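> Sequence:
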Amino acid sequence: MNDLFFILLYLFILLLFFGGLFALPITALVVSLRTKNKLAQRVAKLEAALGLAPVEASLAQQVEQLNVRLQRLETLAASGLTPPQEVPQATETVRPEPQPTAPIAPTPQIATPPPRHSRSPSELESVIGRRWIGWIAVILILFATAFFLKYAFDNRWIGEVGRVAVGVAAGLFMTSLGYRYFRRGWKIFSQILTAGGVVLLYLSAYASFGYYHLVPQKAAFAFLAILIAEAAVLALLYAAPSIAIMALIGGFLTPLLLHSDRDQYLSLFGYILVLDLGTLALLKHWRGLRTLAFVGSHLLFWLWYDEHYTEQRLLPVVLFQSALFLIFFMEHLAARVVRRNQTVSVESVWLLVVNPFVFFLTSYELLNASYHDWMGVFAIVMAIVYAAAAKLLLDRSTVTRAELLSLIGVALTFTTLAIPIQLRSNWITIAWAIEALVMLWVGIETRALRLRISAYALFGLALCKLLFWDTPYGYRPAFIPVFNRYFLSSLLVIGCLFGAAALHHTLGKRKNISSKGVEVGLLFAAVIALWIVASIETHTFFQMKAIAERVAEDARHQRWLGQMALSVVWAVYAAVLAAIGFMRRS
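Heads up: the sequence shown begins at 564 in the numbering used here, then just goes up one per residue.
These aren't lab readings, by the way, just hints derived from the structure by calculation. Since the structure is predicted, the reported quantities are computational estimates derived from the model, not experimental observations. Check each hint, because a few of them may be wrong.
Here are the simulated lysine to any residue pairs, SDA-like style, with alpha carbons at most 20 Å apart [as the list claims (entries may be wrong)]:
| id | residue 1 | residue 2 |
| --- | --- | --- |
| 1 | Lys1079 | Leu1066 |
| 2 | Lys1079 | Thr1069 |
| 3 | Lys601 | Leu636 |
| 4 | Lys608 | Leu636 |
| 5 | Lys750 | Lys601 |
With the hints as extra help, turn the sequences into a complete structure.
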């Protein structure tokens, strides 16, 4: 009894949704025709009441003409005027200028609400499609069909070949029905049907290989490749990004659906590159597809990497990642230099920024263990590539502000990353300070506010590195005062801060850049940093001497000398600052 109930329930669901599938366009057509007839009757009554002759129109333009006539009649009715033949002649007492003997009173320009237009069949189905009702219907049909077929499969009503045949037949039926409605002008509805049909065909192809092993892997791969090409052609024919998304998702799911124990990584890499090239060549003008291709490519790679990667495959993997980076990078340059696209989308800028860092991090993961000494050089090469791209677009006068800032930002970021990768300890701080000084000079020279802000941030990074990582607050081995690595490198960093303040004071004035507060802030940071470094240098020198003493009295004497020397350093430092202040005021 329960089996019979579920069978009837599944059949009812199928009947309901397939009936709705065919009833939807018929209902839309009937509603539009009834609306048109009611509108025609209403216009005829109004014209008869006002004594106006009906406007002749062709059948194709009838609804539009009716809307125009109705608007004209409602305007006359709202203005309280009678038909033109009953308008009295104007007299000299009303208007002193000469008037025609029988003027037609102009229609007053009054603010009337726009009339409600009756929807044509195309407008009605467009509204339905945009509200996702059609998509929900297709999804429900797919689920209802899946539940019914699962029940039939579990009860062995249909064999394995029959199951695949049902899916293929349903997919072909939906795609052909979508093409039929596309020919009739039902664009959104045809896209919904076609997308659902493509999904059914994908699932059927997977079932023929992955579930039932009815066909070999090569045949299933060829069938899926044909489906991907078909979906791409239909997407271009219908101008439908939804079908293109289906094709792209199906393309990236194919290696997962046709998974086998044999690692065919070269075929996988070639397949991904061809899929990306096809997407960028044919479907790039639709928003989101390039991002989908980029994310799908890297997801497939990392899934393969987690399961199959070994060091013996390092070279082909690095070559694949390099090709993947160049495909998306060169596509952007080609669009801007060769095709001279005038607009740059947010997606393009996003990919321009994300692509190099994904490539660098992936390459770092692959190469760092064996080639760490070259990783800093690799970062510098990436910075040079992006700086050259910025120069190329500037020379061609095709670069936008957001694009230029993104390219320069990527180049500066790689330069900053190269320093801690390649250098050690104090050299990192020195390199960051020098880089910040150069960035600030370029930012003032070019009046680029964001570049100056980046320089200030890099100065802050260098200062934090100096005070919190490089400064030896605890134990310090014996050293020569002043002429040691810590103090000299600190002086160089502090000198860059003073140089930045001097740049603002001289070059900033010539460029009419108001930066008094920034100049004072840089000077304050340099003075405080110099005071801390000098104090640490003095204190740790005598502290290490006290630790080296074996006699407690001698150690206490060294600490007392250190406190006295620290007081002298502070007094001299304060006197020098006061003298400089008096000299600047005079």
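> Could you run down the list of hints and mark each one as holding or not?
Against the structure, the hints:
{"no.": "1", "hint": "Lys1079 - Leu1066", "in the structure": "12 Å, holds"}
{"no.": "2", "hint": "Lys1079 - Thr1069", "in the structure": "11 Å, holds"}
{"no.": "3", "hint": "Lys601 - Leu636", "in the structure": "16 Å, holds"}
{"no.": "4", "hint": "Lys608 - Leu636", "in the structure": "11 Å, holds"}
{"no.": "5", "hint": "Lys750 - Lys601", "in the structure": "27 Å, violated"}
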